[in-house]
Amino acid sequence: MGLNIFLLIAMTVAAVWAVIGRSLLKAMISLAITSIIITILMFRLDSPLAAVFELSVCAGLITVVFISTISLTKPMSHSEIIEQSRERWKRYWPLPIIVVLVGLGLAFMNIPKDFPIFQGTSKMDVRTILWNMRQLDLFGQIIIIITGALGIVVLFEEKRSDEW
Amino acid sequence: MSGNEWSVFCLFGFFIVLVFVSGIYCILATRNIIRAIVGWELLVKAVTLLMTVVGYVTRQTALIQSFIITIVVIEVIVATVAGGIALRVFKYNDDLDLRKLTKLKG
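Which chain is which? The protein sequence lines are A and B, in order.
Counting in my numbering, the first sequence runs from 2 upward without gaps.
Counting in my numbering, the second sequence runs from 414 upward without gaps.
Certain hints may be false.
Said to hold, decoys possible - Covered, in the sense of this in silico footprint (three residues per stretch, anywhere, with C-beta under 8 Å from a C-beta of chain A), are these stretches of chain B: (1) 459–473; (2) 486–496; (3) 503–510.
If you are wondering where the hints come from, they were derived from the structure by calculation, not from laboratory data.
Each residue gets a CB set at the ideal place from its N, CA and C atoms; glycine is no exception.
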């Protein structure tokens with residue numbers, strides 16, 4: 002439990018830093034750190050396959066995609082950074098206070114402990130469920146991937162010279 | 414629900430709400446497209462972790478993992494397309510400011 006608490010605090014700090022940090026690149030790295038911590042927590046909660054997906058796709062692929070996106074945009078000049086940091090501070094200073102206040106509110110909230118909850122006893126493997134019971138989900142995933150690929154193609158399509 | 418499972422659910426739920434609040438604040442306060450996507454990513458991560466905890470508490474980790482895999486696939490596709498839109502917006506406006514998205518036509 003002690004390690005869980007440490008990891009959850011680190012996850013929250015990384016998430017808040019991803020929001021209030023000045024540099025977009027550092028925000029992306031903070032987001033990747035959040036993903037890595039969530040991966041460790043998933044391993045600890047008996048979900049190793051989901052954890053591997055989270056690590057490779059969310060912490061790896063999405064970070065690479067967004068760092069590439071940031072590198073393709075124009076960085077701000079030094080004067081712009083100073084000017085913007087003052088304005089940013091005005092917009093983002095309430096966030097740590099809001100997070101602490103919400104945390105305090107939740108800590109003092111009296112949640113009823115005896116609500117009914119369904120606890121399954123299924124010992125099926127995740128691969129069996131994914132390939133035998135949730136086949137429609139897989140078709141949906143394939144359609145989403147094709148749609149995303151087509152979306153990117155349409156977004157980056159260059160106009161041909163003979164186009165009228 | 415046993416005492417141990419209840420304490421795990423409450424502990425994780427507490428921090429998941431904090432990450433969720435950070436994501437919502439990011440989306441509301443930012444003026445940068447990429448940072449708005451960061452806020453959205455935080456919301457999805459909070460939901461993913463919440464589903465993992467619920468799967469652990471209800472002892473349905475196998476079923477929940479299959480849902481999480483679907484969520485991750487949707488997340489990466491949406492994030493990639495959103496990154497592409499951000500690049501396209503930058504190409505036209507020379508800026509990533511959301512307030513300058515006023516030339517929507519065609």
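Now for the hints, and whether the structure bears them out:
1. 459–473: holds (count 10)
2. 486–496: Satisfied; 10 residues make the cut.
3. 503–510: holds (count 3)
Hint compliance for this structure: no hint is broken.
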